[in-house]
Amino acid sequence: MMTTVHFFDSPHEIYWGLLIAVYFYYTGMSAGSFILTSLGTVFGIEKYKKVSKVGVIMAIVLLLFAPLHLLLDLAQPGRALNLFTHVHLTSAMSWGVYLLILYPLCLMFYAWYLFRQDLVNGLNKGGFKASLYSFLLFGKKDMSETAKAHDKKQAKFFGTIGVPLALAVHGYTGFILGNVQARAIWHTPLMPIIFLMSAMVSGTGLFIIVLMLVEKFKFGRLNDDIKSLIADIANLMKWFIVVDGALMITYFIVLWNSTEAGYAAGYYLLHGEGWSFLGLENGLGMLVPLLILLSKKARQSLPAVVTASILTIIGVLAMRINLVIGGQKLPLTGSKIIEYVASGRDIGIVLGIAVVAAVVLSFLYAVLPMNRPGAQEMKSIPTTKGVAQ
Amino acid sequence: MGKRYAMVIDLRKCVGCHACTVACKSENNVPLGVNRSWVEELETGRFPNVSRHRLPRLCNHCENPSCLNVCPVKATYQLEDGTVLVDYDRCIGCGYCIAACPYDARFINPERKTAEKCTYCHERVAVGLLPACVNTCIGGARFFGDLNDPNSEVSKLLATEAVTVSKPETNNRPQTYYIGADEKALRPNLLKIVGGEK
Numbered sequence: 001m002m003t004t005v006h007f008f009d010s011p012h013e014i015y016w017g018l019l020i021a022v023y024f025y026y027t028g029m030s031a032g033s034f035i036l037t038s039l040g041t042v043f044g045i046e047k048y049k050k051v052s053k054v055g056v057i058m059a060i061v062l063l064l065f066a067p068l069h070l071l072l073d074l075a076q077p078g079r080a081l082n083l084f085t086h087v088h089l090t091s092a093m094s095w096g097v098y099l100l101i102l103y104p105l106c107l108m109f110y111a112w113y114l115f116r117q118d119l120v121n122g123l124n125k126g127g128f129k130a131s132l133y134s135f136l137l138f139g140k141k142d143m144s145e146t147a148k149a150h151d152k153k154q155a156k157f158f159g160t161i162g163v164p165l166a167l168a169v170h171g172y173t174g175f176i177l178g179n180v181q182a183r184a185i186w187h188t189p190l191m192p193i194i195f196l197m198s199a200m201v202s203g204t205g206l207f208i209i210v211l212m213l214v215e216k217f218k219f220g221r222l223n224d225d226i227k228s229l230i231a232d233i234a235n236l237m238k239w240f241i242v243v244d245g246a247l248m249i250t251y252f253i254v255l256w257n258s259t260e261a262g263y264a265a266g267y268y269l270l271h272g273e274g275w276s277f278l279g280l281e282n283g284l285g286m287l288v289p290l291l292i293l294l295s296k297k298a299r300q301s302l303p304a305v306v307t308a309s310i311l312t313i314i315g316v317l318a319m320r321i322n323l324v325i326g327g328q329k330l331p332l333t334g335s336k337i338i339e340y341v342a343s344g345r346d347i348g349i350v351l352g353i354a355v356v357a358a359v360v361l362s363f364l365y366a367v368l369p370m371n372r373p374g375a376q377e378m379k380s381i382p383t384t385k386g387v388a389q
Numbered sequence: 001m002g003k004r005y006a007m008v009i010d011l012r013k014c015v016g017c018h019a020c021t022v023a024c025k026s027e028n029n030v031p032l033g034v035n036r037s038w039v040e041e042l043e044t045g046r047f048p049n050v051s052r053h054r055l056p057r058l059c060n061h062c063e064n065p066s067c068l069n070v071c072p073v074k075a076t077y078q079l080e081d082g083t084v085l086v087d088y089d090r091c092i093g094c095g096y097c098i099a100a101c102p103y104d105a106r107f108i109n110p111e112r113k114t115a116e117k118c119t120y121c122h123e124r125v126a127v128g129l130l131p132a133c134v135n136t137c138i139g140g141a142r143f144f145g146d147l148n149d150p151n152s153e154v155s156k157l158l159a160t161e162a163v164t165v166s167k168p169e170t171n172n173r174p175q176t177y178y179i180g181a182d183e184k185a186l187r188p189n190l191l192k193i194v195g196g197e198k
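Taken in order, these protein sequences are the chains called A and B. Residue numbering for the first sequence follows my numbering, beginning at 1 and increasing consecutively. Residue numbering for the second sequence follows my numbering, beginning at 1 and increasing consecutively.
Because the hints were derived from the structure by calculation, they are not lab data. Keep in mind the model is a prediction, meaning the values are calculated, not measured. Do not take every clue at face value.
[To be verified] Calculated pairs, DSS-like style, for lysine-lysine (alpha carbon to alpha carbon, straight line, at most 30 angstroms):
id : chain 1 : residue 1 : chain 2 : residue 2
1  : A       : K129      : A       : K156
2  : A       : K329      : B       : K156
3  : B       : K198      : A       : K329
[To be verified] Partial list, derived from the structure: chain A residues whose beta carbon lies under 8 angstroms from chain B:
id : residue
4  : R79
5  : A80
6  : N179
7  : E260
8  : A261
9  : V288
10 : L330
Idealized CB from N, CA, C, for every residue including glycine.
The task is simple: from the sequences and hints, build the whole structure.
If you want it as structure tokens, here you go:
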């Protein structure tokens, strides 16, 4: 064996850290939860219509807060407008700017048509809610059958545009990494698809938890109807995990058998990042929830489904971090793994945005009419357990 | 035909003095902790069969630069003479170019807060001077010139010497050519770095 000792090198650092990984994570969960809600309104699966409104609000809020991470990651955040004034079609990041505008806009139209009739019905409540609803309606208070049919048609229209946009808004993040030929760990056509599938997994995981909280606090309890729907969604999540897992295995096998850089990246994932890649991302985050959800009995048990959902949410976060940051730890020149420690500023930003997003989400669920087929909101909403209302 | 600038580095003449690194920092006001131009040094073998290698690194001013392709605001651009430059007033500091460059040639300037890298000392070249690193090289190992001029030093060296580039497998077509470079110095030994070398 030939020993090689580097004794002089220039230091390099990792510029895409926690904020970028978490941005990918948010857009993923937004896309995932939106696709779920579209099952009812766009694909016509009646039972999912009950949860369309919960999902679309979640998708919008996640997507509104996601780009904040990007903005705060820029070395020159004040110049973010340059992204709009200088389009560059070879850069996946440039595509993303437009998707990040179009997608939430489309979702807002979609949500407006989903909510319109309930907003009109809520006008008689008086107080803050009525004024809010009145503002949100922009004067469109028509409740004739034609108007209702129009709502349904428009919701389907914007939902139908929303589905490819959701796929694109998360798929493009896969292209951001996949297009970088310098890094074997990223450079695979599977990257956008892996990102999409893991987005479906984590989006479904978070959706289940949010749905339970909304049902509990808006309707007082989870009725059998919703419980059986959650079991159905858990079943979907099982299949998302199966596909995501199959993609990860495919990705890894080909990485392992590719160039020296690819093999080294695979070796690093197994050994250097083993606890996070095998343990957190694929073990705890994928295999364990899959095993839980394989059992029909577990899918009908709320604690089991919640456990599986939380595990997938953690697992996919680990996946984003392992890929985004792990991909830059392998050096392109020199002789050392590039270490990364998230700065206090970045951790603070991530936690801060998460808290504000959760508050905004809770506020929207509290003030918006979440009535759904088969359930009316309670007259008084429980104010315990610190949920905003 | 216009100019196409390139650099040839004859490692047989490089003594590893790092004068190029220092000249670059001084000429271009490069802050501490980051480098536009630097020299990797390594030793190979086991006593008594040993050798030392040096590899001066800088931006390769690639024919097809990854950094340029990924820039979302077209802040990175290429002159007709091949020089790849960054518009410091337009760069938003997203770091995509840094992630995409196969040669670690870029960094965020901690003072200016934009992406930055070697410019082939564009301001010097524009007035007929050589890049600072070439000008200062004590062994005369660095050559800079126009590949489209058959009488330039770089053209003659490329025609008469065996040259290599770093990571030719990328589609970047790098334009820094090395004479006498050891393969072990041209790319990191990733397998060893990740602990997988038997």
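Results of checking the hints against the structure:
| no. | hint | verdict |
| --- | --- | --- |
| 1 | K129(A) with K156(A) | holds, 26 angstroms |
| 2 | K329(A) with K156(B) | violated, 39 angstroms |
| 3 | K198(B) with K329(A) | holds, 21 angstroms |
| 4 | R79 | holds, 4 angstroms |
| 5 | A80 | holds, 6 angstroms |
| 6 | N179 | holds, 7 angstroms |
| 7 | E260 | holds, 6 angstroms |
| 8 | A261 | holds, 6 angstroms |
| 9 | V288 | violated, 27 angstroms |
| 10 | L330 | holds, 6 angstroms |
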